[in-house]
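Sequence order for the protein chains is U and F.
For the first sequence, counting from 1, position 141 maps to 141 in our numbering; every step adds exactly one.
Counting the second sequence from 1 gives a position; our numbering is that position plus 1000.
Think of the hints as simulated: they come from the structure by calculation, not from any bench.
Hints may be right or wrong, so weigh each one.
What the hints assert, rightly or not - Not close to chain F: a few residues of chain U, all C-beta gaps over 12 angstroms, as computed:
1) Leu-239
2) Lys-248
3) Thr-336
Stated by the list, open to error - When the alpha-carbon atoms are kept at most 20 angstroms apart in a straight line, the in silico SDA-like pairs for lysine to any residue are as follows:
4) U:Lys-352 - U:Gly-327
5) U:Lys-352 - F:Arg-1363
6) F:Lys-1185 - F:Ile-1170
7) F:Lys-1248 - F:Leu-1286
8) U:Lys-352 - F:Leu-1309
9) F:Lys-1352 - U:Lys-248
10) U:Lys-352 - F:Gly-1263
11) F:Lys-1352 - F:Ser-1031
12) U:Lys-352 - F:Asp-1305
13) F:Lys-1352 - U:Gly-327
14) U:Lys-248 - U:Leu-262
15) U:Lys-352 - U:His-121
16) U:Lys-352 - U:Gly-158
17) F:Lys-1352 - U:Gly-158
18) U:Lys-185 - U:Gly-327
19) U:Lys-352 - F:Lys-1352
Given the structure is predicted, the values throughout are model-derived calculations rather than measurements.
The beta-carbon is built from N, C-alpha and C at its ideal position, and this holds for glycine as well.
There are 2 protein chains.
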Amino acid sequence: MSVASEIPGFWAVVPAGGAGTRLWPLSRRRSPKFLHDLTGSGRTLLQATWDRLAPLAADRVVVVTGRDHAPEVARQLSGLDAAYLLAEPTPRDSMPAIAWAAAVVAACDPDAVIGSFAADHVITGVDGFHAAVGEAVALARAGHLVTLGITPTYAATGFGYIREGMPLGIAGAPSGRAVVEFVEKPDAGRAASYLAAGGFRWNAGMFVVRATVLLELVEQWHPAIAEGVRAVAGAPERLDEVWPTLTKIAIDHAVAEPAAALGRVAVVPATFGWDDIGDFDSLAGLVAGAAAESTGMSVIGEAGDVVSLDSTGLVVTRSGRLVAVVGVEDLVVVDTPDALLVVPRGRAQEVKAVVDRLTQLGRDDLR
Amino acid sequence: MSVASEIPGFWAVVPAGGAGTRLWPLSRRRSPKFLHDLTGSGRTLLQATWDRLAPLAADRVVVVTGRDHAPEVARQLSGLDAAYLLAEPTPRDSMPAIAWAAAVVAACDPDAVIGSFAADHVITGVDGFHAAVGEAVALARAGHLVTLGITPTYAATGFGYIREGMPLGIAGAPSGRAVVEFVEKPDAGRAASYLAAGGFRWNAGMFVVRATVLLELVEQWHPAIAEGVRAVAGAPERLDEVWPTLTKIAIDHAVAEPAAALGRVAVVPATFGWDDIGDFDSLAGLVAGAAAESTGMSVIGEAGDVVSLDSTGLVVTRSGRLVAVVGVEDLVVVDTPDALLVVPRGRAQEVKAVVDRLTQLGRDDLR
């Protein structure tokens, strides 16, 4: 357990959305990734996110999720204040969701600093996370929009990158630097050059900022969103009228990229481990540990339900049936009561195509 | 359908035994291979064997099976005379089983010719099979122990071989030849040399012989078995007393090999297709057809329950669940209500080790 202490005036915002299509059949439209204990830790990704943030924010945690998922979110987070569970009628991507939370928080506490952390990421080394958030809050109090930048471990093409600038020298944030720019997901060659050059970090979508500063930035580039979320925060009964009119846009494009161009964005380098569990290859690596990736078969679920002979990869067992694997290499087998998936780790990205096929086939019961 | 006509005095004997361990989880100790419709034809292997033999033998079909399986055999074969369903108290391998059937048949018809055909083989080209049996019966009437020899299609190391001798020139059996010897399962080098040399056939354990001749051969090398099966045929109430005393031995070793050394064995070359479905690789090849082995995913069961993307191999679906395979090559996935198997075609022989492991684990419910 971390011994982090509460940060006065800090509010945690947790956007709990995203389909996790590449993690089918564990993640489903009606029960997406963040509601599941994907790693077998005993806590769902949402609960683990709560566990990480509650020591810093105490009871100041706001969760924004889809209306369909709100009851399950409330069930999983018994400590969540009902007033801080914001249920979106329809998904509008991350900007409207986070801006809504900012408006709700600003109405309670005009000096609040919010930190937005997705509900479906895995973080290891929680002390490092808490330290980074502490620095980010100091930078946010100085007026910056702050992002936590992940140290790249390989030439990833699936993430956007942050190009670091000069140290900012702000008290309480010794590792804080300016952000020169956000870079879109690169091709393999550019990703390799970023890794070789240094000074680039992965953008994990974690932002820390004064609630009022965020709303000003939104006002600047997307005034209709700022107006809409203020209206909804002040008059919740207007939600169904206002929400569908809001532009569907991610916080990165809506404010982080233009704000970086104006020199308003800072970055705190992450010293913690981070994974967005983008697919089963990622999950297999996370469970096996980097050193053991090709040694033996990892199991998530009841190990007694798996017979593995001379095999490597990952078995996820959720059906209570026996799963026997013989002589397979880096293979993922996911066994659930109504659907089974078999895919090599190296092709885990293609699982999305199964969900597309199920949609074509009209198998809404399974996707 | 074949238009074969009945062969007077011909009795079919069907040894219905064998565990089919390499076909787990379809084949189980309590419900072995022959009781299943492995190929998705709509008939179990046992029923398909019946369908092949009934046109030749009419109501003269004798089935020998384990006592535990007798009720299911009777259920599957509604045309089988109860007096011709012989239930072994314990398995003693093929010689006692076939000799028992021979003794029962000889008591009904001293001139009978019996043909013994395992219940768990797949035969294609039934007209060729019927023609071969016709020739074999002619040779058997002339006093030979006759085997049907399968034309080798590759250098198999999993079968014994038959070395052919000179044509016998017997009326009604133009392709009949003497058998020089039976050869044990060879290593890869010897198998290749047999294939190159020609004059070798696979021993599929199909024997045609006068019932009285078979009993004489048994008498010669295993008098206790001959005496035992005659006693049981004459006094069925003595079965439990006599059966456990009989030597456990295969018909090949007990009589076919020594009889060949005495020049008493003949062979009829098979012009039909034959497969003993020894493992899932064999089943996959059978279902895909030789030409299509690596093209697409074969499905046994409900094709609508399978989503296959850029994959080859075999999916057997018996659970009603959706099975999704993405980017796998020559992989076998067998999905049953209580157990799942995943194995590459090339390692299908190793499935037996799963059953061994289940035995070690005390999972008698699953093996």
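Legend entry - Satisfaction of hint between U:Gly-158 and F:Lys-1352, Cα-Cα up to 20 angstroms: violated (42 angstroms)
Inset, instruction - Please work out if U:Lys-352 and F:Lys-1352 have their alpha carbons no farther apart than 20 angstroms. - result: Violated, because 35 angstroms separates the two Cα atoms, which is more than 20 angstroms.
Legend entry - Hint consistency between U:Lys-352 and F:Leu-1309 [alpha-carbon to alpha-carbon, up to 20 angstroms]: Holds, at about 11 angstroms.
Legend entry - Satisfaction of hint between U:Leu-262 and U:Lys-248, Cα-Cα up to 20 angstroms: violated (23 angstroms)
Legend entry - Satisfaction of hint between F:Leu-1286 and F:Lys-1248, Cα-Cα up to 20 angstroms: Violated: F:Lys-1248 and F:Leu-1286 sit about 32 angstroms apart, past 20 angstroms.
Inset, instruction - Please confirm whether U:Lys-248 is truly not at the interface, meaning its C-beta sits more than 12 angstroms away from all C-beta atoms of chain F. - result: U:Lys-248 clear of chain F: closest Cβ-Cβ about 29 angstroms, beyond 12 angstroms.
Legend entry - Restraint status (C-alpha distance of U:Lys-352 to F:Gly-1263 at most 20 angstroms): Distance of about 66 angstroms is beyond 20 angstroms: violated.
Inset, instruction - With a cut-off of 20 angstroms on the C-alpha distance, tell me whether U:Lys-352 and F:Arg-1363 pass. - result: violated (36 angstroms)
Legend entry - Straight-line alpha-carbon gap U:Lys-185 to U:Gly-327, limit 20 angstroms: violated (36 angstroms)
Inset, instruction - Find the nearest Cβ of chain F to the Cβ of U:Thr-336 and say whether that gap is larger than 12 angstroms. - result: U:Thr-336 is in fact no farther than 12 angstroms from some Cβ atom of chain F, at 8 angstroms.
Legend entry - Exclusion check [U:Leu-239 not at the chain F interface, CB over 12 angstroms]: holds (37 angstroms)
Inset, instruction - Please work out if F:Lys-1185 and F:Ile-1170 have their alpha carbons no farther apart than 20 angstroms. - result: Measuring from Cα to Cα gives roughly 30 angstroms; hence the hint is violated.
Hints 3, 4, 5, 6, 7, 9, 10, 14, 17, 18, 19 from the earlier list are contradicted by this structure; the remaining hints agree with it.
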